[in-house]
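Enquirer: On the provided structure of chain A, position chain B as indicated by the hints.
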Amino acid sequence: MVHWLRTRGRAAAPYGVGLAAVIVVPSLLGVIPGIAPGYILYLVSLALIYAIVAIGLGLLIGHTGQISLGHAGFFAIGAYASALLTLRLGLPFVAALLVAGALTATIGFLLGLPALRLSGPYLAVATLGFGLAIPQLVVWQASWTGGSSGLHSLPLASLPLGAFTIVFRTDQDYYYLAAAVLIVLTIFARNVVASHTGRAFVAIRDSEIAARAMGVDLVRYKTTAFALSALYAGIAGSLYAHLIHGISPEDFTVLLSVDFLTMIVLGGLGSVGGALSGALLLTFLQNALTRLPVVHDFKNLYIVVLGAILILTIAFLPRGLAGIVRASRQRWAARVRPGASRLDQIVELSDGSGVR
Amino acid sequence: MFSTFVAFTLLTVFQLPFAVAFVLTLVFAGLFGALIERVVLRHISTTTVLNPVIVTVGLSLILLGTAGWIWGYEIRTFPAPVVGPPLRFATVVLSQLNALTFLVTLVLMTVLFAFFRFSPTGIAMRAVAENRTAAQLMGISIGRMNALGWGMGTAMGAVTGMLIAPLNYLDPSMMGDVALKAFAAAVVGGLTSLPGAVVGGLLLGIIDSVVGFEVPELRNTIAFVLIVLVLVVRPGGLLGKHEIKKV
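Protein sequences appear in the order of chains A and B.
Numbered per this note's numbering, the first sequence spans residues 1 to 356.
Numbered per this note's numbering, the second sequence spans residues 357 to 603.
No lab work stands behind these hints, which were simulated from the structure alone.
Backbone N, C-alpha and C define an ideal beta-carbon position, used for all residues, glycine too.
Where hints are given, some of them may not hold.
[Said to hold, decoys possible] If you want the ones that stay clear, here's a sample from chain A, every Cβ over 12 angstroms from chain B, calculated:
1. A20
2. L43
3. G62
4. P114
5. A126
6. V139
7. L156
8. T186
9. I187
10. N191
11. A194
12. A315
13. R329
[What the hints assert, rightly or not] Some chain B residues close to chain A (C-beta under 10 angstroms, calculated; not the full set):
14. S416
15. G424
16. D533
17. P591
18. L594
[Claimed, not checked] Partial selection, computed: residues in chain A whose CB lies under 10 angstroms from chain B:
19. A124
20. G129
21. V304
22. P318
Bound conformation, chain A alone:
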């Protein structure tokens, strides 16, 4: 009985901290001198949106073990679908967001079908092709996508609530919107991971043959993983389009796909919280690098830093930042309750433990 309460208490604690942080952050930022709080909030919103993609990508790479270097493609589809629906068809923002999510999920499912035949480096190159193809298609269909100049002056995001409508005008409004969507999707991802679907994902990652022998339907769960992670990228893309108010094909390069990959590797493969922290860290790192006064050549520096992060994390910290947290938590638990620690460790290890 006590055991159950404790487990639940521990699982709820990060949400409590996260929710408190969400509420406190805007008022804290107002205090920082010299920087407009609006800009920081905009940056935080961007980081939260990237975190949504990272969590989705984490389900695919970290839990199911299927790599994708083309998630900027899904992100782009979500952004363009949402932008086109609101601009051309005048759909309300919420409807556009949902349709964009459903559309990308469908495309993710369809891409999952050929991806069933590929693994490892082959899957990486094929998904890279997807990421390269989407911006090309956008430029090609210039008559309705706006071509390389993109789509601009998107309507403000709004949320109808019964009689009146909330319109997200300021950076702070948008920040709350992004945070709310992120919280819902984080809880959803954690529940998926804990469900039988999540177990099937991990089983496929650890050994496809063993998973099949246990009766895991590879086709069903791999395509589900692709569809889910595409859904996250699509919703994030929709939020992104309305945050920036304008999108162009150059926003969705292969480098963005690699950004997403670096986020989850840095945060820790196979951990929802890791994806979240990796996304926040990397977005701020990128912004900090552009502000370095000594560097003229920001783009190359950033690319080299990304590569170094990927290699060093895999070499020295294969479970990413989440691995550090997990290890220190285990040490703490061992000190507090020496007897119970061993059982805890077994549970922790089998529970989406990342790469071993």
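Expert: Just chain B, lined up with the frame of chain A:
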């Protein structure tokens, strides 16, 4: 890509003749590849297939950024190895550059085929690819074979780069397109078949030229669509067999 830039520097800054620059670049690429294997890849755990893939992505980012740093992003023309009037066979006109490319490819293919088929080292490399543990039990040094494989692979990449750069252009990001098209060719021909890769490459080249002439914006898209189509309709490719792994 990186090696091609080295070749470019050798050719333009040091004004070396093409043949000398070609050989020097090959040696550089081979050593560089082996060095990367030794310094980086060997220390990466291979318990999952993801790790090497992620590390390779990281490596290519570092090379891309460094090349961008040293040589910049402006698109350059790469000096052609041969110049002169095109060769004519009846109605077929073939530039000397294309003829050379064709010749080098043919020679390389033959050498590689013979190497993997007959030489003990080549057979040992295939054994390592097939089953690491069994290969190790047979007394094959896994580390040496991996280093050799990386060196050879990098050198092949350098040859490809030096042959493609005069045809197209030189730019740090050029090899992404090349990798995608090479993969599409391999899938079309059949991933398990060496002649399949050749047939696939020829086919992809023709499709790419014809469709790419009609809609030049969509060249990468075509390669991607081909990959998807072949994998769905005929997963083994044209010449390969589709194998389902069984215990």
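Enquirer: Evaluate each hint against the coordinates.
Expert: Evaluated hints:
no. : hint : result
1   : A20  : holds, 34 angstroms
2   : L43  : holds, 23 angstroms
3   : G62  : violated, 9 angstroms
4   : P114 : violated, 4 angstroms
5   : A126 : violated, 5 angstroms
6   : V139 : violated, 6 angstroms
7   : L156 : holds, 33 angstroms
8   : T186 : holds, 23 angstroms
9   : I187 : holds, 26 angstroms
10  : N191 : holds, 24 angstroms
11  : A194 : holds, 22 angstroms
12  : A315 : violated, 6 angstroms
13  : R329 : holds, 23 angstroms
14  : S416 : holds, 7 angstroms
15  : G424 : holds, 4 angstroms
16  : D533 : holds, 8 angstroms
17  : P591 : holds, 5 angstroms
18  : L594 : violated, 15 angstroms
19  : A124 : holds, 5 angstroms
20  : G129 : holds, 3 angstroms
21  : V304 : holds, 4 angstroms
22  : P318 : holds, 7 angstroms
Consistency note: the structure conflicts with the earlier hints numbered 3, 4, 5, 6, 12, 18.
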